[in-house]
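Peer 1: Below, each chain spelled out in residue letters.
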Amino acid sequence: MSSDYEPHSEAAQQHRELRKERLEAVRKEHKRLIGRKVVFLAFIIGLIVFAVGFIITLGPLEITIPQVYETLLARFLPDFFTMDEVFEQVVWNIRFPRIIGGIFAGFGLGICGCVMQAVLKNPLASPFTLGISSGAHFGVAIAAVFGVAVLGGPYLLIANAFAFAMLCSIFIVSLSVLKGATSETLILAGIAINYLFSSLSQLMAYFASDEQLRLMTVWGMGDLSAFSWSKFGIFFVIFGVCVPILWWKAQDLNLMTIGDDSAKSLGVEANHVRIITMMVASVLVATIVCFTGTIGFVGLVAPHVARMLIGADHRILIPASGILGAFLLIGSDAVAMNIISPTIIPTGIMTALLGVPFFLYLILKGKRKEFWQ
Amino acid sequence: MNVKLLVQDLEFAYISTPVLTGMCLKVPPGTLVSIVGPNGSGKSTLLKCIDRILKPQQGMVAIDGRDLVQLKRIELAKQISYVPQSSVRIFPHSVFDVILMGRRPHLGWTSSGEDEERVWDVIDLLGIEDIALAPFTELSGGQQQKVLIARALVQETDVMLLDEPTSNLDIWHQLDVMTIIAGLVAERGITAIMAVHDLNMAARFSDQIIMMKGGIIHAAGSPWEVLTPRHIADVYDVEAQVQRQDDETPLVVPMRQIGGNGGRLAY
Ligand SMILES: Nc1ncnc2c1ncn2[C@@H]1O[C@H](COP(=O)(O)OP(=O)(O)O)[C@@H](O)[C@H]1O
Ligand SMILES: [Mg+2]
Numbered sequence: 348m349s350s351d352y353e354p355h356s357e358a359a360q361q362h363r364e365l366r367k368e369r370l371e372a373v374r375k376e377h378k379r380l381i382g383r384k385v386v387f388l389a390f391i392i393g394l395i396v397f398a399v400g401f402i403i404t405l406g407p408l409e410i411t412i413p414q415v416y417e418t419l420l421a422r423f424l425p426d427f428f429t430m431d432e433v434f435e436q437v438v439w440n441i442r443f444p445r446i447i448g449g450i451f452a453g454f455g456l457g458i459c460g461c462v463m464q465a466v467l468k469n470p471l472a473s474p475f476t477l478g479i480s481s482g483a484h485f486g487v488a489i490a491a492v493f494g495v496a497v498l499g500g501p502y503l504l505i506a507n508a509f510a511f512a513m514l515c516s517i518f519i520v521s522l523s524v525l526k527g528a529t530s531e532t533l534i535l536a537g538i539a540i541n542y543l544f545s546s547l548s549q550l551m552a553y554f555a556s557d558e559q560l561r562l563m564t565v566w567g568m569g570d571l572s573a574f575s576w577s578k579f580g581i582f583f584v585i586f587g588v589c590v591p592i593l594w595w596k597a598q599d600l601n602l603m604t605i606g607d608d609s610a611k612s613l614g615v616e617a618n619h620v621r622i623i624t625m626m627v628a629s630v631l632v633a634t635i636v637c638f639t640g641t642i643g644f645v646g647l648v649a650p651h652v653a654r655m656l657i658g659a660d661h662r663i664l665i666p667a668s669g670i671l672g673a674f675l676l677i678g679s680d681a682v683a684m685n686i687i688s689p690t691i692i693p694t695g696i697m698t699a700l701l702g703v704p705f706f707l708y709l710i711l712k713g714k715r716k717e718f719w720q
Numbered sequence: 146m147n148v149k150l151l152v153q154d155l156e157f158a159y160i161s162t163p164v165l166t167g168m169c170l171k172v173p174p175g176t177l178v179s180i181v182g183p184n185g186s187g188k189s190t191l192l193k194c195i196d197r198i199l200k201p202q203q204g205m206v207a208i209d210g211r212d213l214v215q216l217k218r219i220e221l222a223k224q225i226s227y228v229p230q231s232s233v234r235i236f237p238h239s240v241f242d243v244i245l246m247g248r249r250p251h252l253g254w255t256s257s258g259e260d261e262e263r264v265w266d267v268i269d270l271l272g273i274e275d276i277a278l279a280p281f282t283e284l285s286g287g288q289q290q291k292v293l294i295a296r297a298l299v300q301e302t303d304v305m306l307l308d309e310p311t312s313n314l315d316i317w318h319q320l321d322v323m324t325i326i327a328g329l330v331a332e333r334g335i336t337a338i339m340a341v342h343d344l345n346m347a348a349r350f351s352d353q354i355i356m357m358k359g360g361i362i363h364a365a366g367s368p369w370e371v372l373t374p375r376h377i378a379d380v381y382d383v384e385a386q387v388q389r390q391d392d393e394t395p396l397v398v399p400m401r402q403i404g405g406n407g408g409r410l411a412y
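In the order they appear, the protein sequences are chains A and V. Throughout the first sequence, residue numbering follows the working numbering, covering 348 to 720 in sequence. Throughout the second sequence, residue numbering follows the working numbering, covering 146 to 412 in sequence.
By construction, these hints were calculated from the structure, which means they are not laboratory data. Heads up, some of the hints might be wrong.
With a cut-off of at most 25 Å between alpha-carbon atoms, the simulated DMTMM-like pairs for lysine to aspartate or glutamate come out as follows [as the list claims (entries may be wrong)]:
id, chain 1, residue 1, chain 2, residue 2
1, A, K375, V, E261
2, A, K367, V, D266
3, A, K375, V, D269
4, A, K367, V, E259
5, A, K367, V, E261
6, A, K384, V, E274
7, A, K367, V, D321
8, A, K367, V, E274
9, A, K378, V, D260
10, A, K378, V, E274
Excised from the complex, chain A in its bound form:
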């Protein structure tokens, strides 16, 4: 054995010290990256607050961003802020509900996409690609268009949407759990479900009256105009329950993305987690679809963008996907409302028009590493 390899030789000593230094450097870098992720999350939250202010100023009414915030704050702290009657009417009753609705919908779709991609280990999974949105949409359509909902109000709509969303997600989950279906199979099944429900919807359209037809068309394209303050109650409740459940499962989701065998060996009941999270996500999707119709692209893209920006840890990824989804949706909606004003383009169309090129750009750039590295 040459002296180079003697454990106490000078060379070995030097080697050890070098490695120690390297390890130290790597640890520092690791700390720095975590810090940056937290900063980034704070940054996009700030961005969305700013976007809300900015988007509300768009439109025929002359109002500045500070005036928007003032009007909103006056609502909560009437002693400190004053507001103009007209501003209150426009900002609080017309423009703000639409934006809040958009934020909820985008946030919900973003985290549902993120969770579905994780538990199905499939980067193409999303409420839309798996057919869950179309199922929910069909459920709403038969209830709303053909009058069933007149009796039960919004809860029946949601229950109906939920029933159909659940049907689809049970189908997808059983395919994946029982048949061990691969990524391709799941997406193909999703496409099949999508076709099935759009055919059914077309069949309904064939028999619908003009008014029913118009309603269905608008809904099918995805639209944010249905929101008003009176409808948010149910949103708050369902989001308040579902989002924390999904976030609470973040660590389990992390483990499930590296395979069921590994997840099980590390203490995760993989199939339980898969079923629970898919069900909870379906409730969210069903609720969103009730108010907005199918908005396809957000749930697929937001998690990918988030992952490219801050990595795959679901504890940060879930909120980040939600926030980016919200951002994407209210951004597209703002463009849709104003680009050829006074004509309003349906939100769903604009989301795809803006989202697809952006997504293609990200894919083609081929950046699989985290943005920071």
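Chain A is fixed; fit chain V with the ligands onto it per the hints.
Peer 2: Structure of chain V with the ligands alone, referenced to chain A:
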């Protein structure tokens, strides 16, 4: 005999054809057991059944005399760690995060500084600091295997199951991994059960070897008891010489196939 891990009358079938039949094992603490056998003989399946990744149709697995069926999965994960042959790699977790997953049975939603300290220790032990922040998706097969081993090490269990942990490694890293595992067995008294293809690696490092064929144990015992030309011929259909090396371990030299087509091309 003091038994750490007991497997009794284990039976398993994926669909209907049985893959494991009447498996019985008694492994004392502080032993390194290698499972050898031809492809498809059920080595991976056995390891998965022990860790309840697959649910055996019959039989039981016990640690320290306690039937594992009673344990919740998270409790089981504190007792047994499992190194899969490879891993799903779709999403870009950093190597650090993948190793930290091994602490999952011990932590809640957040990881403590102490958990991260363990991870850094193991990164240092395996000498993988250079890839610690790289995305797990971009590693070579061998690097991936070292990360999966690191993940099992931070799990800090008494029993480790390893499925061909050295199959993608070069000889330097094979020795590195085997020395570390053998060291853990000798110093910390853990019990390691490892599926391997390399008979000589098994011979050099294991206390016991189990030779499987078609879902049953063909031979079990010390390397010298198991690695005989007779057993190798029976199980692998290969004529082999077994030589004694300077350090008293057997060296298996495969000579020729029994009943092969003698190297004629099949057209
Ligand atoms: N997921 C599976 N579904 C059905 N049969 C399987 C599956 N995995 C393995 N098998 C079968 O079980 C037998 C044992 O496989 P395995 O335990 O992987 O063998 P080894 O690890 O010894 O090569 C093989 O015949 C194989 O075809
Ligand atoms: Mg195997």
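Peer 1: If you draw a straight line from the CA of A/K367 to the CA of V/D266, is it 25 Å or shorter?
Peer 2: With Cα atoms ~11 Å apart, A/K367 and V/D266 stay inside 25 Å; holds.
Peer 1: Check whether the Cα positions of A/K378 and V/E274 lie no farther apart than 25 Å.
Peer 2: 14 Å, holds
Peer 1: Hinted pair, alpha-carbon criterion (25 Å max): A/K375, V/E261. Please report holds or violated.
Peer 2: 13 Å, holds
Peer 1: Regarding the pair A/K378 and V/D260, is the alpha-carbon distance no greater than 25 Å?
Peer 2: With Cα atoms ~15 Å apart, A/K378 and V/D260 stay inside 25 Å; holds.
Peer 1: Starting from A/K375, check that the Cα of V/D269 is at most 25 Å away, please.
Peer 2: 15 Å, holds
Peer 1: Within a Cα-Cα threshold of 25 Å, do A/K367 and V/D321 meet the stated pairing?
Peer 2: Since the Cα atoms of A/K367 and V/D321 sit roughly 19 Å apart, the hinted pair holds (cutoff 25 Å).
Peer 1: Are A/K367 and V/E261 close enough, with their CA atoms no more than 25 Å apart?
Peer 2: Satisfied, since the Cα-Cα distance of roughly 17 Å is no more than 25 Å.
Peer 1: Does the structure keep A/K367 and V/E259 at a Cα separation of 25 Å or less?
Peer 2: 19 Å, holds
Peer 1: For the pair supplied as a hint, A/K384 and V/E274, confirm whether the alpha-carbon distance does not exceed 25 Å.
Peer 2: 21 Å, holds
Peer 1: Would you check the hint for A/K367 and V/E274, treating anything up to 25 Å between C-alpha atoms as holding?
Peer 2: 10 Å, holds
Every hint from the earlier list agrees with this structure, and none is contradicted.
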